[in-house]
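J.: Model the full structure from these sequences, guided by the hints.
Protein sequences, first through last, are from chains A and B. Its first residue numbered 1, the first sequence is counted upward by one per residue in the working numbering. Its first residue numbered 1001, the second sequence is counted upward by one per residue in the working numbering.
Listed below are the simulated DMTMM-like cross-link pairs for lysine to aspartate or glutamate, each with C-alpha atoms no more than 25 Å apart in a straight line:
(1) Lys1176/B - Glu1151/B
(2) Lys205/A - Glu44/A
(3) Lys225/A - Glu1091/B
(4) Lys1113/B - Asp92/A
(5) Lys108/A - Glu41/A
(6) Lys1005/B - Glu1068/B
(7) Lys1261/B - Asp113/A
(8) Lys1046/B - Asp287/A
(9) Lys228/A - Glu1119/B
(10) Lys1264/B - Glu141/A
(11) Lys1200/B - Asp1152/B
(12) Lys1257/B - Asp92/A
FYI, nobody ran anything at the bench for these hints, they're computed from the structure.
What follows is the residue order along each chain.
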Amino acid sequence: MVKYNVGDSMTKIGIPKALLYYRYHTLWETFFTKLGCEIVESEETTKEILSRGTNFAIDEACLSYKIYLGHLESLIGKCDYILIPRIATFCDREIVCTRFQAVYDVVKNTFRDRDFKILDYNVDVCEGFSEQDGFIKMGQELGKSKKESLEAYIYAKGAMDAEHKKQIKLQKEELKKDNIKILLISHPYNTYDNYVGKPVVDFLKSMDCTIIYGDKVDREKARKKAHKLSPTLQWTYNKELVGAIEMYKDQVDGIVIMSSFPCGPDSLVNEMLVRRIKKAMVTLILDVQDGTAGRETRLESFIDIIKLKKEEEHEKSKN
Amino acid sequence: MKKAKISFPHMGNYCIPIEVVLSMILDCEYLTPPPITKKTLEIGSKYSPDFVCAPFKYNLGCYIEALENGADTLLQTGGVCRLSYYGEIHEQILRDLGYDFTFINFGDSEITKPTKIYEKMKQYNPNLTIKHLAKALMIGMRMIDIMDKTEDYIRENVGFEEEEGTLDSLYEAMLKEFRTVRSYKSLKKINKRYQKMMKKVKINKPKNPIKVGFIGEYYTALDPFSNHFIEKWLAKRGIVVTRKLNISNTIFFRNVKRLNKKVKSYMKYDIGATGMDTIKEAEWLAKHNYDGIIHVKSFGCTPEMDAMPILERISEDYHIPILYFSFDSQTSEIGIETRLEAFYDMIEMRKEKNK
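T.: Rendered as structure tokens:
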């Protein structure tokens, strides 16, 4: 067990800043703060964290997962619990990559000899485990009553939804801009990661592009749109991104798809997108190697083509 | 109207029960795709996305070869991992290549549920009745069950036949007759006859032979071509091979709750696809004093990848060696053989030492 200073009575919850963190962090942080816990987040991703994670992962595991293990390990010894969600299904035909089902058990076995406690919740609606029940259980494990936990959950959920709505609203303003607009289609854990997505975003911004984020979208509407484009697609997180393309594609100049190697769902979904979406598009595959020159050259020529096309259209409309 | 020519990609010998069931419920002729060769995989890989798992490439190769041989209807089963989305992408790629065909895709349904099969198949054969379907499925299921049990027996004994090749040729003949089966009675009759003949095959098994368990990802473990015929390689060296992974054990007789309880000491949740089965099987093999375990999967298979750290722990706890293979479309034969040989030498030496 981790021992901490006398007088420091707050339970410390460690949250690895990777994978689902970028989707749920408002929910988690609000919930645990409301229950009187202290949050300990891991640092931003660095090369060091990635290489630590790579040591613990199966060598062909996806980049995002290697990063996750690095973050998780960095929290061991710094908190009382480490939060690991286990997510499988949201409802019939709304599932996630099996990796999110397995994280808990993989971590438990990978770090079997290390001393730390895991706080987990299970979302598997098809098997009768709802998110709400999962959070109540966590609250109870932390010594809170059912009522307290439920209230904290509802409050946190509201905070998360409000935050998401705010983000969508802010993005609407971005869409009004006149410069080149690029729709970035990538899982939030890649988009917002300091080591993975941020260099790409920064580079695009340096080329005077406005980034429209695929994950900032009305999720329910996006899933419906995705179902129309690809009826047998079941991965919820991918559906939302696919739907975002349908909703934003007419308002942007080009699409950048970014996937970590070798992402299971993306390996097929990207193929579908390339074949069905008629829009300027470039796919970036991110791996452990850190050279950025190749990636930047591709992005640069992509933006150049879009610029040329835009100028041509502009000329045409003048005549 | 011309009869439809329907085809389903190879996976071990399972295209035979599929042929029987489809011939019974649809007004069609079944076209067995040409046997999988290196060429199949080459064609499949050429048109597949870069880092999709190998079964997708095998399937696509089989589809193209079937279409080239005159098939006009294709079937995709769907499944619980990436497999659920295979069908739609297969169809898209084949259409973009310019092929004209009907695609029966269970990607939006569940092929393990008879009611869903009825719903889907009714679209292709409006005259299909529940009774008719039930009969066909019963025969299909029973046939798979027989095949799985027979293959289990062969795997454990084929390395010790007095006359090499007897069991395999008997099994081949049995399968050939299975293709013509259209009633439960004839299935029973053929089975009885061949089981008798197989039991008569002389087996000279030593008292304490080397035993190896074979586990891993569904397609790669079940399809001999895609695992580079490892089981055969082992059998040739006089090794008992045990593999519980097959359709009957993972679909017909799978009880998730019981499975979950069995693997409790290593995992709390279902990690997806056949991950739990892999762990259960590995623990069983370890507890039953097997000499080694071979784990196969295709490159990038997420559920099996997630099973690997747990397998490591089982290996540690029970002191059982595990050899891992991850196959893609390019895997050198020599590399596989070298690793197998080293593994074989190692477990043989361990066995000697522990005598």
